[in-house]
Every structure is written in structure tokens, then in C-alpha cells.
Amino acid sequence: MPLTQSQRQRLLLAPVYAALVVAAGFTLVPFVWLICAAFKTNADVFSSNFLPRGDGFLGVAWERLTTLNFVRLFTELGIGRAMANSIFLAATSALLATFFCALAGYALAKFRFPGRDWVISLVLAALVIPGSLLMAPGYKLLYDLGLLDSYLGLLLPGITPAFGVFLFRQSMMNAVPATLLESARIDGAGEFRIFFTIVLPLVRPMIGAYLMITFLGAWNNFIGPQIVFQDPARFPLSVAINQLRGLYGTDYGLIMSGTLVSIAPVLALFLLLQKEFIAGLTSGAVKG
Amino acid sequence: MSEVASSSVPAPAANPVVPQGRYRAEPRWVPWVFLAPFLLTFGVFLVWPLMQSVLLAFQQTFGPKTSAWVGLANFNFMFHDPLFWKAVGNTAGFAAGAVCFQLPLSLGLALLLNRPGLKGRAFFRMIFFAPSLVGLVFVGLLFGLMFAPRTGLVNTTLHGLFPAFDPEFPWLQLYILPALIFAALWLYVGFNMIYFLAALQNVPEELMEASALDGAGPWHRFRHIVLPEILPVATFVVLMSLLGSLQLFELPFVLLNGTAGPDNRGLTIVMYLYNTGFVSGDLGYASAIGWVLALFMGAFALGQRWFSKHQEES
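These protein sequence lines map, in sequence, to chains A and B.
Residues 15 to 302 (my numbering) make up the first sequence, in order.
Residues 1163 to 1476 (my numbering) make up the second sequence, in order.
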């Protein structure tokens, strides 16, 4: 019996779906394992892979699951402080970097002035300098400036990443029409007012994407705070949870609950906004 | 000065008819003010440390306070330093493994997701992308426990599937590199896939249809239409993966609980740099290692440029 076009297509897609489901399974298993471990006692972590077996619904001993790990994290171990640090550091560096990168990108995209090409090549040069090369002398510099073990020491070096300047220049070259700027100047608008009321609204998608990129980068930054901070009161989650593992190495449930509270907020936020985020990620590379 | 003053005072807006060519031009200082934060941080936190690191590479230091000139001794020592070469070997092994496994899988997933008529594309894309939102530290913590002997998920699963598999299999003691490559695979496949998917969606539909009408098989179409179209993105992704792999640090650092693992099996170049500079306190030798690493990375970047140029010409 001959198949119709759509039936044939569906048949051809069946192995594609199968492969995708298998790949999705592999991707999700570590997350599921992490969530299960976070709600288990240590004994149950060692005796069961995912959920402890018992007589409850679906053959799971639901009553053995516990939120004790989370309670310990926030009462006894003061992880709330680390979370506040993470939120503060990530939000501040995202806002600062987005603002200053947009400002610099605008100058390079929409102004003609002697020395502009020279500054553009500086931006491109900064893009290719590996961060690990700056680790040792950067530490010495922060020491000389007296910025070691301070929030400023971590935030200040990152207020205008070259990558952001580059991205904003690329998007503003097309998104901001020169005639609009000219007529605003004719109307007598000041340069900062033009930037805030005309330029920024035109690159709103880029701002959203870059805020997310920098927020995520700062949230997940480990080596920076690990080198700059000495006082545990300043540690963000990345450093604090890793220290926890050093102290409570075999307490799997506790470490996994710490990992879960560290990744769950960003995971939720970014999966909600993934369309904008992915557009921002690929805009620099694919179209640029 | 008059330019500065005029920018803050609104021009006569009451008279909207301004003769062409006589409107107030953008003041010359404006771009420099907008660029000032970039130029300042660029100078202070990039150029200055970069120059310092050239100087440091010829010194031996004991913490940030005391140092002594040693000339080329750092580089001479590095050349004969078995630990450094161990780190280079481990890093190269990881980079090779990571790129060889990640790229085909990323491209494969992108090709599957790009199938016309596929439903749930956004849903699958979200799942594959999710791991790249997890920071390297947290991936290290998660996989450190998943690779644990006896209780870790990897060993219990393998033992369940193949009863002959030793549930005490020492991943983190003897087979660190495969464990690292596996963890990186989970983390980066979806991320690279996003780039391939974006590139695939730029392949002109008409070309594919015309070729299919001409009777070209799927392999032929992939080889002669899709591949040339996505090659620029592919070389970009390869370069990014290589450069990222060469700077591998957090993953083994956390996975191995701050150590280099037994027999330094998990020592990477940046981990050696970190240990030298911040554990032993020799920022000089650490800077020298940094420059050699930068040299390796520059070589790869130049190689990619040469390859891209070569492709365009042929």
C-alpha cells in the first residue's frame, strides 16, 4: 500500500525522535541524580541510585526523603550569605559591563574621529589575550593597588570586557540609524540623553542578551573570587560550595543540595529567557 | 570650550527649522568620554599586567612582595621540568579527546534538530542547552560524586549493565582524562550544537531542494552543500573548543578536590600555573608558563586563520 507524503515523512522522522530522546535522557540523568541526592539522607545516597525504594507510591520510600540538607546549608553553614554575595556580584558586574560596553560600542559604531580605527584594533587585540596569562600579574597588580580581598578588586577589572564592546559595536552599526541621531542633535538633545533615550532602546535585545551572558559568567566564575577573596564572608556560591566539599567530603547529600541551590536559580531564569539568550550568544559569532 | 557648554544647554528647540549644514555637530570629546571606561580598564587591568608579566617571566618571586632577576632561567627550567611536560601532555590529551568527541556529537544533534517537519525542536534544544548554564565548579562537584567508586552513578550503571565491570573502578585515581572528557562532553555538546544549528538554518533551502531534485543522496548533499556552508562556523567552534580546552582548570581542580590527582594524572597547564603562582608563590615562573601557553594558543589561532583563508581561496 503506497504511503502518503506526510506518512512517509513521519516514518522517516521516527528514528530521529528516538535518537533525540536517547540524547535528552543522557543530558537529563545527571540533573535527576543531583536532585534526588539533594533530598536524601547520606545512608540513602549510598544505598540507592535515584530515589530510595520502599512501599510508597511507585515503589518509592517517599517518607525517607528529607529537606534536612537544605536546612543545614542555610542555618548551620551560612550559605545564605554566599548566595547574597553571588547575587550581588553577578548583578553588579552584569549591569556595569552592559552599560560601559554599550557606551564604548556606541562610540566606535556611530562616531567618526581620529584614532577610532586604532581603538578598534585595541578591542580586537584584547579579545585574543588569554585570561590565564593575566592571572599572576593581575594578582600582583591588585595587591599593589590594595584591592585584594575586596569586592572592588573582583568587579573593577571586568567593567568593560572587550567582547561586550565588540558585540555592541556590531549590533549598533546596523540597529542605530545615523539620521535619527542627527535629527536628535538638531533638536538640541545632549549626547548622554541621545544615548539613553534613542540608542539604548534600539538595541534592547542585545542589552537583554548581554546582561544574561555577563550575569551567568559572573555567577559561575570560580577562579576570580578564589584568587581575589580571602575572607569567607565575601565568598560567592562557587567558592563556598567547593570549600564545603573540602570540609564535608563524604556528605554527598549536603554537597549535592549545595550544588542544587547554586544552579537552580540560574537554570530556571535562563531556560525561561532562553530565546533571547541564545540569540545573543550566536549573534557575535555567526552573523559577525 | 564653547562646544562643551553648548552640549548641556538645549539648542533653540522653539525654532525647529534649522538650515541644513548648520546644525550643531557632535562635539569632538564625546566619543572619548564614552570610551574612557574601556580605555582606562584596558590600560590598567590589561596592558599594565601584560607588561608586568613580561618582566615577571624573567624573575623568581616569593609571593607578590619579594622577587629576584633570573634571566631566562624560568624558561630553561620549564624546558627540563617534567611536571610542566606532564601538564602539557595531559592538556593536549584532553583537548584532542574533547574536540574529537564533542564536535561530531554537536553537529549530529544539530543535524537531527534541523530536520524539516520536526516537532518539539525548541523543547529538545532547551534540554541540550541546559548543561552549559551550569558553572564548571558545579559540574566538577556533580561529576566528582558521579564518578565515585562503588556509590557513583557511572560505576553502578556500568556494573548493572555489565556484571563483569568492577564497581570499584577507579576513575578519579587512574582514568582521570576519560572522566574529564566525559564531563566536558556533557557540558559543551549542547553549547556547540547551538552554533551548528544557527549555521545550518542559514543554508539556503532552495539549494537543498534543487540538489534533491537532481537526485543527490543525503551524504552527497551534506558533503557538497551543507559542509561548505557551515565550514566557517565549524572552524570557529573547533578553535573555541581548542582554546577553551587549553585553559582547562576548574573542572579537574574541583573534580580532584584541589589536587592534581595521583601521579599528577589530572595536572593541566593552567592548574600548574595556578599551583606555581598561588600555592608555591612564584608569580615569575607562573608568568613564564602563561606566556608559553599564550604561544600555543596563538599558534592555534593563526592556524585557524590560515585554514579559513585557504578555504576561501580554493
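There's no promise every hint is true.
[Said to hold, decoys possible] Derived lysine-lysine pairs resembling DSBU-like cross-links, with alpha carbons at most 35 Å apart: (1) B:LYS1471 to A:LYS289; (2) B:LYS1227 to B:LYS1248; (3) A:LYS289 to B:LYS1281.
Note that these hints are calculated values from the structure, not bench results.
Hints, one by one, checked against the model:
For a cut-off of 35 Å, the pair hint linking LYS1471 of chain B to LYS289 of chain A stands: about 33 Å separates their Cα positions. Between LYS1227 of chain B and LYS1248 of chain B the alpha-carbon distance is near 30 Å, which keeps this suggested pair within the 35 Å criterion. Our distance criterion of 35 Å between C-alpha atoms is met by LYS289 of chain A and LYS1281 of chain B, whose separation comes to about 17 Å.
No hint from the list above goes unmet by this structure.
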